Each structure stands twice: as structure tokens, then as C-alpha cells.
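Add chain B to chain A, keeping to what the hints say.
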Amino acid sequence: MKKLILGTTALALSAGMALAQDVIRMGTEGAYPPYNFINDNGEVDGFERELGDELCKRAELTCTWVTNEWDSIIPNLVSGNYDTIIAGMSITDERDEVIDFTQNYFPPDPSVYVGLSEGIDVENAVVVAQTGTIQASHVASTGATLLEFPTPDETVAAVRNGEADAVLADKGFLEPIVKESGGELVIIGDDVMLGDGIGMGLRESDAELKATFDAAIQSMKDDGSLAILIAKWFDGMDSGF
Amino acid sequence: MFPSCADPSTLDGAAWLACYLTNGKHMAFYTSFGTVMLLLAVTAPAALLFGFGGAMAARARLWPVRVIGRTYTAMVRGVPDIIFFLFVPIALDQAFEWLRHQAKCPDWTEPIRQGNDFVVCAQAKLPLSTSPQWVHETYGFFLAVLAFAIVFGAFAANVLFGAMRAVPRAQMETAEAYGMTERQSFWRILVPQMWIYALPGLSNLWMILIKATPLLFLLGVEDIVYWARELGGAKTSIYAYPHPDWRLYYFLGLLVFYLSLTKVSEIVLGRLTVRLSHGQATLGGEALRKADA
Chain A
1 MKKLILGTTA LALSAGMALA QDVIRMGTEG AYPPYNFIND NGEVDGFERE LGDELCKRAE
61 LTCTWVTNEW DSIIPNLVSG NYDTIIAGMS ITDERDEVID FTQNYFPPDP SVYVGLSEGI
121 DVENAVVVAQ TGTIQASHVA STGATLLEFP TPDETVAAVR NGEADAVLAD KGFLEPIVKE
181 SGGELVIIGD DVMLGDGIGM GLRESDAELK ATFDAAIQSM KDDGSLAILI AKWFDGMDSG
241 F
Chain B
1 MFPSCADPST LDGAAWLACY LTNGKHMAFY TSFGTVMLLL AVTAPAALLF GFGGAMAARA
61 RLWPVRVIGR TYTAMVRGVP DIIFFLFVPI ALDQAFEWLR HQAKCPDWTE PIRQGNDFVV
121 CAQAKLPLST SPQWVHETYG FFLAVLAFAI VFGAFAANVL FGAMRAVPRA QMETAEAYGM
181 TERQSFWRIL VPQMWIYALP GLSNLWMILI KATPLLFLLG VEDIVYWARE LGGAKTSIYA
241 YPHPDWRLYY FLGLLVFYLS LTKVSEIVLG RLTVRLSHGQ ATLGGEALRK ADA
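Listed in order, the protein sequences are those of chains A and B. The first sequence lines up with residues 1 to 241 when you count with full-length UniProt numbering. The second sequence lines up with residues 1 to 293 when you count with full-length UniProt numbering.
The shape of chain A in the complex, shown without the other chains:
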């Protein structure tokens, strides 16, 4: 069986050689609507899918989509399993040491606390956030007790079943959930500003690809199509681009 798999792989590899055009593999998480999610047909969908496809079209690249768990999304990029991260990843100094970012394609996005009632003191509560996010670092820096889960969905579920008092995540992700919860979930307090906006992550050795995507993002900012796309996916949000 293993031989068979190896055999077919080798065959497919040699067949692939004939194509000179390189394919850019776009890595995303697929669990963070409306940024990126797996739609009901099992395909990657969302704001970043539409954005990524448009960027590839403008840069005249052939792109395919790959999903990877959030936890290991950076190690798999630097190891070369895909070429970009386009997964709602905020640009931070910490990440910038390991990978490179394009200019932001999404403005510094406010984060919000969401809980079952408005009276929660988020500085002295159990606050849940997704592992390895800027929100998790923020909670850790406040006086709150940090609880972490590997996927965004599980963080919201933890608030619903009382495991945590509040969740901290991007407003764009939490707002539709609060709206559709029928009053069960409420936003607590004001927006928290974190990070320098969202950009595409690339390997530090891929300067050329970074420049290509930078130019494509700039062209979308210039002709206003990026602002329209953001307004479409984020309920009329004014991005200021």
C-alpha cells in the first residue's frame, strides 16, 4: 500500500514538473468567520478568500487554498508547506521577528469583550481567548485569569456554558455572533485597540512575493475595491482605506 502511494505520488510529481508556472499556496485557518471559514460545500470561503483570489488575479499568480490549524500555522509556513498566511493575523512585533508581513489589508481592528451580562469586571474575571493570538497576550497582561482554546468557536462556547466569564476576540468575528444570540450574549465595555492591523504573512526569504502582494494590496486600496470588499463582509464597516 505504501509503495502504491509512493508510486502514485512519484507519478503525479513528474507530471507536475511539466508545468513551469508556479502555484502560490495560500494558508488559512478556516474557522474564523467572516474572515475565513469552511463553507457548506467544504471550501474555504469568507472575506479573505475573496480578497486573496482578487490579489492573485491582480498579481497574475495561480493560487490554491490550504487550511492549517492556527497553532502550527507559522511553523508550517517557514517550513515551506505553503507560501502565505492569510488568516486574520494581526501584525505584531513578536510575529514580525519570525515572518514578514505585507502592508495591512485590514485596519487595526478593535477587539471586544463578550459575556453573558454587562456587569462583568473583565480585569478580575476568567477571560477566554484563542491560543497564540494578540487577544490572549492582552488578557495575560491584565489582571484577569486567562483561559485558552485552540479554535475561535470553542472560546465562544466556553462563555455560553459558563466555563469563562467573557471572551476577547476581534469585533468583526464576535459582532454577528452577539447579534444572532437573541440577547444571550452582550458586548462588555468599550472597544480594545490591539495590533497594527491585519496583513499577509510570508517567509522572510520571500521578499519578491511580498513586494508583489504589497503592490496588489496597494492597487486595491487605491481604486477603492478593498474598502467595498470590507464593507460587504463586515456589515458596512468603514475601513478608512
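Derived by calculation from the structure, the hints in this document are not laboratory data. The model shown is predicted, which means the values in this text are computed figures rather than measured ones. You may find that some hints are simply not true.
[Unchecked claim] Stretch by stretch, here's where chain B covers chain A in the computed footprint (C-beta under 8 angstroms, at least three residues):
no. : stretch
1   : 70–78
2   : 103–110
3   : 132–145
[What the hints assert, rightly or not] Below, in silico cross-link-like pairs of lysine-lysine (DSSO-like), each with a Cα-Cα straight-line distance of 27 angstroms or less:
no. : chain 1 : residue 1 : chain 2 : residue 2
4   : A       : LYS57     : A       : LYS232
5   : B       : LYS25     : B       : LYS211
6   : A       : LYS171    : A       : LYS232
7   : B       : LYS25     : A       : LYS232
8   : A       : LYS221    : A       : LYS232
9   : B       : LYS211    : B       : LYS263
10  : B       : LYS25     : A       : LYS179
11  : B       : LYS104    : B       : LYS125
12  : B       : LYS104    : A       : LYS57
[As the list claims (entries may be wrong)] To spell it out: a stretch of chain B is covered by chain A in this simulated footprint if at least three of its residues, at any positions, have a beta carbon under 8 angstroms from a beta carbon of chain A; those stretches are:
no. : stretch
13  : 130–137
14  : 262–270
Virtual Cβ for every residue (Gly too), placed ideally from N, Cα, C.
Showing chain B alone in chain A's frame:
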């Protein structure tokens, strides 16, 4: 799937459910059951092979071979699985790509390690970035099988090593008395008889292997637990089929699947024990002999 599913928001009740359970995502979920079964079917013999090799090495007469065998079992058994599964596939993948790079791009001047980055030439990528998605998935699956085989092989090696020593010494002495060479007595006397001693340990390993398949997702292979979590999570109206948190139902489904798999395994292993006990100097073998007489 059905033509009536074109606009799910107009449906309700059984029609909605029928469409929901047959959408593309659920089809991927059902397929992943096949992936898990295939993984088990391929990994079990592969791990047994690794285990047999490890056990033979651990009792070899040449001490370098013996050291290799013992180091393999001791090291792999000592490392937590989750670390192993994060590290080994990436390391294996890079090792393969490095070898291909050396062979295919001898003129490459840039360093392979650039800071954190691992950069090989485009032709050395495995699989090539131009290959279709299924090739990437098959390759990921192959890495998963290899990682599982290495880990479970180490445990199996220890089990088999013990089983080989449990075969009564008198059997081996008799073989020698008949003038068999060491190789002959190993393959004709020791190996056929050791399985009954190895079976309890191996059946434990099999049960653990069944439950270890969710580790697959660490390797990017989407298995049943990944899909259950993904499908069960609360869905807002951005999805065609919004629903609240249904993870409980999906995980109950998985519970039934795993319990049935365990039950079937127990039946098969029970039959295997009876079969292997025939003519053995064990309590089970003795009971069989008396029942026949």
C-alpha cells in the same frame, strides 16, 4: 445534493435536515471515516513491521545493532506523542526535501536555512507546489502513517521482545537438539509460538491506535474528530445552514463509532487468541486440549 436544496433558508424540519446532512461538508465528514479506517489498515501492519525489526535488533548478537534497537524503543517510548507528532513529520518532510534538493539543484547557491526559513529550490519541493491538492493530502497521509508506525512500532518492539523471551526455553533447546540452525529455530519455532504471548500487549496497542487518530489533524489530515468539531460548532447566518452549538450530537455519534470499533476489535481479537492458543503450553492452550479430548 438534491435539487430542492438550492436555497436552504426556505426549508424547515426534515427537508432542511436532509439537505443539511448531505451538504458538501458532511460528505467530507463521511469520507473522513474512510480515511481513518484506511489509516488504521495501513498503520497496523507497518507498525508491526517496525516493531518486529526493533525486537530483532534489540536481541541481536552484534552490539551496535542491539544498541540501535534498544535506543529506538527507549527514545520513542519516552517522548510524549504530541511532541513527536509536531516534530517528526516536519523533520521528515525537511529531510526528504533536503535530499531531493541535493540531487536536483546542485547549482543552488543560496543557503537552505535562512534564519527561521527552510528554503529549497522549487523542483525539490515535496510535493511540488504545482501538484493538485490530493497529492498534498496523500503525502500528508503518508507522513502520518510513517509517524504513527515509528511511534507504535517502538511499543510493539517492546511487546514482541518480551514475547520472544516468553517462549519456553525447552522449545528452543529441542530445536537445537534436532540440529536446526539458529536462524531455522528462530523462524520455525520461536516466531510462530511467540504471538500468543504478544497478543495481549498488541491488542492494547491496537486499541490505543484506534483512539490516537485525532492526532492526524496535527499533520493537516482532516479526520473525523476535526470534522465533528468543525460541523458541530455554532454557525451564524453567514453559513447556509445556521445552527446553535451541536457538538454534543456529533461527538455522541463519534462515541458510537468508536465503541462499535472497539467491540468488533474485541470479537476479532478473542477469536485470534483461541486460534493462537492451539497446542500452546499456556493455560488457554491447555483448556483447548482438554476440551478436545
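Going down the list of hints, with the structure as the test:
1. Counting residues of the stretch 70–78 of chain A whose C-beta sits closer than 8 angstroms to any C-beta of chain B gives 4, which meets the bar of three, so the coverage hint holds.
2. Coverage of the stretch 103–110 of chain A by chain B is violated in this model, with 0 residues showing a Cβ closer than 8 angstroms to a Cβ of that chain against a need of three.
3. Coverage of a stretch by a chain is defined here by at least three residues with a beta carbon nearer than 8 angstroms to that chain's beta carbons; for the stretch 132–145 of chain A and chain B the count is 0, and the condition is violated.
4. Of the supplied pair hints, the one linking LYS57 of chain A and LYS232 of chain A holds, its CA atoms being roughly 19 angstroms apart against a limit of 27 angstroms.
5. At most 27 angstroms may separate the alpha-carbon atoms for a hinted pair to count; LYS25 of chain B and LYS211 of chain B meet this at roughly 23 angstroms.
6. For the proposed pair LYS171 of chain A and LYS232 of chain A, the alpha carbon gap of about 15 angstroms is at most 27 angstroms, so the pair holds.
7. Proposed proximity of LYS25 of chain B and LYS232 of chain A is supported: the alpha carbons are some 24 angstroms apart, at most 27 angstroms.
8. A C-alpha spacing of about 15 angstroms is found between LYS221 of chain A and LYS232 of chain A, which places the hinted pair at or below 27 angstroms, so the restraint holds.
9. Using a Cα cut-off of 27 angstroms, the hinted pair LYS211 of chain B and LYS263 of chain B holds, with the two alpha carbons roughly 13 angstroms apart.
10. As the CA atoms of LYS25 of chain B and LYS179 of chain A are separated by approximately 25 angstroms, the hinted pair is consistent with the 27 angstroms bound.
11. Our distance criterion of 27 angstroms between C-alpha atoms is met by LYS104 of chain B and LYS125 of chain B, whose separation comes to about 10 angstroms.
12. Restraint check for LYS104 of chain B and LYS57 of chain A: not satisfied, since their Cα atoms lie roughly 31 angstroms apart, outside the 27 angstroms limit.
13. With 6 residues bearing a CB less than 8 angstroms from a CB of chain A, the stretch 130–137 of chain B meets the requirement of three and the coverage assertion stands.
14. Given a C-beta distance limit of less than 8 angstroms, the hint that chain A covers the stretch 262–270 of chain B is violated, as 0 residues qualify and 3 are needed.
Taken one by one, the earlier hints fail for this structure at numbers 2, 3, 12 and 14, listed in ascending order.
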